[in-house]
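Student: So the chains spell out like this:
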Amino acid sequence: MFLRNHWYAAGFPDEIGRTLLARTLLGEDVLFYRRADGAPVALENRCAHRRLPLSMGALVGDAVQCGYHGLEYDHTGACIKIPGQHGVPNVRLRAYPLVERHRYLWIWMGDPALADPSLIPDFSRLDAPDVGVTRIQLKPDCHVQLVIDNLLDLSHLAYVHNTTTGNAALAEDAEVRTERRGDVVQVKRWVRNVVPAPTFVQFGGYNGRVNLWQVSEFRPPSYVRVSYGSAPADQPTPDGDDIWSHGHWGFAVFHGLTPESARATHQFRHVAHAHGLGDAQVTAEFYRQCDQIIREDLAIFAVQQRALDAEAGEAPPSAVNARVAIHADGGLLQARLINERLMREQARG
Amino acid sequence: MSDKFVTDAWYVAAWSDELGPDRPLARIVLERPVVLYRRRDGSPVALEDRCIHRRLPLSLGRVAGDGIECGYHGLVFGADGRCRAVPGQPVVPAEARVRAYPTVERQRCIWIWTGDPARADPATIRDFPWLEAPGWGLVKLHARVPCHYQLIIDNLLDLSHLAYVHASTVGSRELAEQARVRTERLPDGVRVSRWTLDVPPAQTYLQFGRYAGNIDRWQISEFRTPCTFVIDNGSALAGTGAPEGAPGAQRWGFMVCHGITPETERTTNYFWALAHAFGADDPDGVAEFHRQSLQVIGEDIAVFEAQQRMIDLDPAAPTIDIGYDAGPLQARRLIDRLLAQQNAAPQRASA
Amino acid sequence: MFLRNQWYVAAFDDEVRRTPLARTVLGEELILFRRLDGGTVALENRCAHRRLPLSAGRLVGDTIECGYHGLVYDCSGRCIKIPGQAHGPEAPVVRAYPVVERHRFVYVWIGDPELADTARIVSFPRLSDPASGVTKVRLHVPANHLLILDNLLDLSHIAYVHNSTIGNAAVAEQAEVKTRRIGQHVRVTREMNGVPAPSTYAQFGPHQGIFDRWQLSEFRPPGFFWINNGSAACGWRRADGGDRIETQGEWGFEVYHGITPETATTTHQFWTLAHALDMVRPDDRAEFYRQCHHVVYEDLAVYEAQQRSLDTDPAGASADEVGSRIAIEADRALLQGRQVLKELMRANHPTQPPIPHEARP
Numbered sequence: 001m002f003l004r005n006h007w008y009a010a011g012f013p014d015e016i017g018r019t020l021l022a023r024t025l026l027g028e029d030v031l032f033y034r035r036a037d038g039a040p041v042a043l044e045n046r047c048a049h050r051r052l053p054l055s056m057g058a059l060v061g062d063a064v065q066c067g068y069h070g071l072e073y074d075h076t077g078a079c080i081k082i083p084g085q086h087g088v089p090n091v092r093l094r095a096y097p098l099v100e101r102h103r104y105l106w107i108w109m110g111d112p113a114l115a116d117p118s119l120i121p122d123f124s125r126l127d128a129p130d131v132g133v134t135r136i137q138l139k140p141d142c143h144v145q146l147v148i149d150n151l152l153d154l155s156h157l158a159y160v161h162n163t164t165t166g167n168a169a170l171a172e173d174a175e176v177r178t179e180r181r182g183d184v185v186q187v188k189r190w191v192r193n194v195v196p197a198p199t200f201v202q203f204g205g206y207n208g209r210v211n212l213w214q215v216s217e218f219r220p221p222s223y224v225r226v227s228y229g230s231a232p233a234d235q236p237t238p239d240g241d242d243i244w245s246h247g248h249w250g251f252a253v254f255h256g257l258t259p260e261s262a263r264a265t266h267q268f269r270h271v272a273h274a275h276g277l278g279d280a281q282v283t284a285e286f287y288r289q290c291d292q293i294i295r296e297d298l299a300i301f302a303v304q305q306r307a308l309d310a311e312a313g314e315a316p317p318s319a320v321n322a323r324v325a326i327h328a329d330g331g332l333l334q335a336r337l338i339n340e341r342l343m344r345e346q347a348r349g
Numbered sequence: 001m002s003d004k005f006v007t008d009a010w011y012v013a014a015w016s017d018e019l020g021p022d023r024p025l026a027r028i029v030l031e032r033p034v035v036l037y038r039r040r041d042g043s044p045v046a047l048e049d050r051c052i053h054r055r056l057p058l059s060l061g062r063v064a065g066d067g068i069e070c071g072y073h074g075l076v077f078g079a080d081g082r083c084r085a086v087p088g089q090p091v092v093p094a095e096a097r098v099r100a101y102p103t104v105e106r107q108r109c110i111w112i113w114t115g116d117p118a119r120a121d122p123a124t125i126r127d128f129p130w131l132e133a134p135g136w137g138l139v140k141l142h143a144r145v146p147c148h149y150q151l152i153i154d155n156l157l158d159l160s161h162l163a164y165v166h167a168s169t170v171g172s173r174e175l176a177e178q179a180r181v182r183t184e185r186l187p188d189g190v191r192v193s194r195w196t197l198d199v200p201p202a203q204t205y206l207q208f209g210r211y212a213g214n215i216d217r218w219q220i221s222e223f224r225t226p227c228t229f230v231i232d233n234g235s236a237l238a239g240t241g242a243p244e245g246a247p248g249a250q251r252w253g254f255m256v257c258h259g260i261t262p263e264t265e266r267t268t269n270y271f272w273a274l275a276h277a278f279g280a281d282d283p284d285g286v287a288e289f290h291r292q293s294l295q296v297i298g299e300d301i302a303v304f305e306a307q308q309r310m311i312d313l314d315p316a317a318p319t320i321d322i323g324y325d326a327g328p329l330q331a332r333r334l335i336d337r338l339l340a341q342q343n344a345a346p347q348r349a350s351a
Numbered sequence: 001m002f003l004r005n006q007w008y009v010a011a012f013d014d015e016v017r018r019t020p021l022a023r024t025v026l027g028e029e030l031i032l033f034r035r036l037d038g039g040t041v042a043l044e045n046r047c048a049h050r051r052l053p054l055s056a057g058r059l060v061g062d063t064i065e066c067g068y069h070g071l072v073y074d075c076s077g078r079c080i081k082i083p084g085q086a087h088g089p090e091a092p093v094v095r096a097y098p099v100v101e102r103h104r105f106v107y108v109w110i111g112d113p114e115l116a117d118t119a120r121i122v123s124f125p126r127l128s129d130p131a132s133g134v135t136k137v138r139l140h141v142p143a144n145h146l147l148i149l150d151n152l153l154d155l156s157h158i159a160y161v162h163n164s165t166i167g168n169a170a171v172a173e174q175a176e177v178k179t180r181r182i183g184q185h186v187r188v189t190r191e192m193n194g195v196p197a198p199s200t201y202a203q204f205g206p207h208q209g210i211f212d213r214w215q216l217s218e219f220r221p222p223g224f225f226w227i228n229n230g231s232a233a234c235g236w237r238r239a240d241g242g243d244r245i246e247t248q249g250e251w252g253f254e255v256y257h258g259i260t261p262e263t264a265t266t267t268h269q270f271w272t273l274a275h276a277l278d279m280v281r282p283d284d285r286a287e288f289y290r291q292c293h294h295v296v297y298e299d300l301a302v303y304e305a306q307q308r309s310l311d312t313d314p315a316g317a318s319a320d321e322v323g324s325r326i327a328i329e330a331d332r333a334l335l336q337g338r339q340v341l342k343e344l345m346r347a348n349h350p351t352q353p354p355i356p357h358e359a360r361p
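Residue numbers (the numbering used here), protein chains in the order written: chain A, 1 to 349; chain B, 1 to 351; chain C, 1 to 361.
Mixed in with the good hints there might be a few duds.
Said to hold, decoys possible - Partial list, computed: chain A residues near chain B (C-beta under 7 angstroms):
1. Ala-63
2. Gly-67
3. His-69
4. Ile-80
5. Pro-89
To be clear, the hints were calculated from the coordinates, so they are not data collected in a lab.
Heads up, the beta-carbon is just placed ideally off N, CA and C, and yes, glycines get one too.
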């Protein structure tokens, strides 16, 4: 049901420390903590003895002690102590490879031997010293595919986010180009000589018409980064790789999307913007709007998932075919095909 | 129909004080909906909680003399389950009856038999004399726990868990690391005896046993199939002869009686009662002791809920056994054997 | 499972407005709204594109705009605009349902639209008669619709379920009951002569002691009930010699139910009550209506408990089997009612299923 041999966003590094944190990822309950030297640990969150979640236990040095009968496990998942007996059975809980990078905790959910850190997506923009960053963590009540769909068709801004970053022009007057290179899908959009949406007016400081450009990029299994740029209407619009620039004003968004189950998704999102947004109050208002936007999408996802459940039962969203595909769907349909192919390859082993 | 529970047994359906004089009480026992009420003379009745006519639970009706009147169309059923009257017609259809379950009230408990009524012998009801012993204090609880009943049996036959789950009250490390444990088969159950010698007292024992030094401590857990426990918890000053059978110096302790009654495969009605002989002269102390005891049972219930959640997430996940599991495993084998015998027997009176 | 090719009440007239209303009827999800000229529209509540319910969108004139990507549909269900593209593939379509508004009810045809015949609508003109006082309630009942049919065709239950208002023992024990099938209707009448007046009748009617009382309950498929309640002094007869059973006599009221299945375990109940204006003084109406509403809620508690009883039956019982083990005399009418529904289901030719969910060319 899930693509396993991939890195997934498990959370933000400052969420884990010397206490036990439990989180369900890809249908598996995972335990997180840090050893005394700060190294992060991820283990199967279930005592091998009587299945109590280890997160209900305690840290004893670098080991986790089960809160039921006191069995202890080290960071490799090996059982190292059973109270009241000398022998320890050859029991090892699953340990997940874990890497901290680009303000995310990345966890490898598949065969540990295949865990290659170079496959972690390049969100290095988040490490740049000259950016301001805000983040949020949400759990949309929907299959991860619906979130990917949403991020690859930004025409929805015109209807869902029309008090902030969207207006009708974005849907009706956009030039849209979908490009695929290997397993990477990019959807590029340009609108020229239009009235800017409220957020752009407020923070871009525009008086008249503008050119806007957006790019959404998908990489399997579920990494999405989005960039927005804008400039006064008399200036040229970028093409090629320059579409990632922000022009006069813009920002970038990074999504780490990790299924919790077939019907719920962890969404770990960062927004990065060049410094110089203004004073603290202005920045706070921009961040507030970014959070409002993502919450508006949340409402859509919940309603969509309920509708799909009523029709499809246990089948995944892709099994419920739309009765129509519109031009704007080009990118998300490509993304679906890529993930479906990867699932078939995984099934074949 | 193959049963998941041992039905030829007495189970606790309710505490006596849960059943008032003229209000029916609804409860699900071994997946069977049951309505309990009292006759005019106070004796309890248990019937199938489902009117034979339009299936409204009889517990939504009202007690009428020694019978119960359905709240929908007024059919009246007697204590034997037979319909006595149908409003508006003189003839009562012969098939108009609901199942009646043998019921016995004893020692603050209302016991029910859901199996073949011909085999219901009150002499086999578990004896809980401490619940009515003169001069003994009592604290008790009925909890509807979202877990399979097996998890509770496992817990009560491996009392090493006190060291971790109840570390702030009745548990101490030594109970897990230094106990001497003996597991014995009984004719119809398992007894696990644990002795932990010459150890510092756990918080509750220190506070109410008032020990200045180390203690010898015992935990004797006696399980009878399918679902009752008596657990003897006690301590005495270390080295004063308690393990050898002598009374010992500064003896302190309490008895706990458990009735574990399956509701469904995922929920259980848990009846827990703790009786103690000390404290008649110290009501404030007793109140604090009761509070700590209720905290202990609350900690266990949190464990059961979490385990059941994990089982539901992945029922096939493997488990291992450790040394202390001898008792719980014996209990499981005994119950499995009873179930196998029960399901192999030819079909009996309708369940 | 349900009787299709019928008109069902989807809403009261005042529920359908210029903001979209989402409602599920016989398992089909509908969106209802009013056109600018006041007419009613019922469409399938699903955008053809990404399946978002259209009720999450907004009305623009007489069209509905999906709240996700802005596709716009007209009242016939045809998509007339897709933002950002001039000509798309053949226009997508959502299903449009025949809809009729009549006497306070908004009816929707569930089944093959070609067979929709407005002559088959079951309506109650008294509900829009200015000479009648009317009160109404919509209930969402967590139970299968057959349990409501059982209840309304055996009014002896009033003696037990509603004994603080309109019922007392006499209703169950002293009634002369007659059951009759008239075509596809089932009518059961109960005459109770020389019985004590129950609380509500004594409070609002002219008789406080012993009186005559009668009830008529008539089922009209697929899910409509006409219940006439009348009372008068002992021995009272109509001046013209006609049967008093269809009138209210000296004091009474009529109740009309529109019962619409939502799913196999939930039902919409549209309950209405009409009375002659001079039978309940204006100052008394609030309390009289409150007591009558209370009756409906008492029944709701019964339905909920019955459905739970079925849902927890290890043998997997359904509402079809309720009462399969015994029948009492009072069950005669409801058994006939269930029989009528079965006959109609069998006679129903298989219709087109809802539009299948494949991509259209």
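Student: Next step is simple, just say for each hint if it's right about the structure.
Tutor: Do the hints match the structure? See the list:
| no. | hint | in the structure |
| --- | --- | --- |
| 1 | Ala-63 | violated, 14 angstroms |
| 2 | Gly-67 | holds, 5 angstroms |
| 3 | His-69 | holds, 5 angstroms |
| 4 | Ile-80 | violated, 13 angstroms |
| 5 | Pro-89 | holds, 6 angstroms |
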